[in-house]
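Participant: Take these sequences, add in the hints, and give me the full structure.
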Amino acid sequence: MSAHTETAGLPRDWRRPLRYLWRTPLLALHLVLGLPFTLLMINPLSARIEMRGERLDHLVIRWWSGTLMAIFGFRVRRYGTPLPGAALFVANHVSWIDIVLVHSQRMMGFVAKAEISRWPLVGWVASRGGTIYHHRGNNDSLHGVMHAMVERLAEGLAVGVFPEGKTTRGDAIGTFHARIFQPAVLAGVPAQPVALKYGLRGDAQTIVAFGANENFLQNFLRLLGEPGRMAEVHFLEPVASSEDGRRRMAETCRERIIAAMAG
Numbered sequence: 001m002s003a004h005t006e007t008a009g010l011p012r013d014w015r016r017p018l019r020y021l022w023r024t025p026l027l028a029l030h031l032v033l034g035l036p037f038t039l040l041m042i043n044p045l046s047a048r049i050e051m052r053g054e055r056l057d058h059l060v061i062r063w064w065s066g067t068l069m070a071i072f073g074f075r076v077r078r079y080g081t082p083l084p085g086a087a088l089f090v091a092n093h094v095s096w097i098d099i100v101l102v103h104s105q106r107m108m109g110f111v112a113k114a115e116i117s118r119w120p121l122v123g124w125v126a127s128r129g130g131t132i133y134h135h136r137g138n139n140d141s142l143h144g145v146m147h148a149m150v151e152r153l154a155e156g157l158a159v160g161v162f163p164e165g166k167t168t169r170g171d172a173i174g175t176f177h178a179r180i181f182q183p184a185v186l187a188g189v190p191a192q193p194v195a196l197k198y199g200l201r202g203d204a205q206t207i208v209a210f211g212a213n214e215n216f217l218q219n220f221l222r223l224l225g226e227p228g229r230m231a232e233v234h235f236l237e238p239v240a241s242s243e244d245g246r247r248r249m250a251e252t253c254r255e256r257i258i259a260a261m262a263g
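Letter by letter, the sequence shown follows residues 1 to 263 in this note's numbering.
Calculated from the structure, these hints are not laboratory results.
Heads up, none of these hints are tricks.
Pairwise CB distance ranges (calculated): (1) E237 with L217: 33 to 39 Å; (2) R16 with N213: 19 to 25 Å; (3) G263 with V76: 14 to 20 Å; (4) A154 with H177: 18 to 24 Å.
Keep in mind it's a predicted model, so treat the numbers as computed, not measured.
Idealized CB from N, CA, C, for every residue including glycine.
Facilitator: This is the structure:
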């Protein structure tokens, strides 16, 4: 039985309607006021302004993401330090909210499926924040994505990827595709593994993950009514780029994420 399905005979979560009652107005306020402000602040001028050693537009996106996490009841906790400048960040992938969680701590342009550009809230900010979109099954699109990644890294910017290539059920880490590490090799930048854990010791991974046949809107609305819980971002020991070993980079990043998830 799915972790999302209520067990027969057990009482329903009577607090869920109450959570919708106070979170929905906060979400609407964040949409009506916060979203236009965020999109307005993502511009060439704010990109040249630095505050506390960080670009202003990046600070605004982190504010937007952190506030959205709080509205959904997540208490974010960061472990480790994200690399500055150009780096390839690689994370495990369970849901759309992974991007929001990472952006609350470190701004980067993610590689994501093209469908995300059409998602409300997340898609709008992702597009303005420099997301690189990939049309699955299209080799020309893949070549374009790899080229764009190399360009971003060469410009000193960070790129984020989910090397499993898709969301998972949350209860295991899938295979990391080595080819997504090739831009880091070509640009000569390190890859930093990032472990994303939801709940106490990661016990809510399968709850946050997409359920069977659950689409974005269904997952979005379900998570909005979930009990408050912890969300952890673990920035782990970086892996140096290797000319002869992108597979080794992929395996090392995966091993470090698995170790962090079990820790």
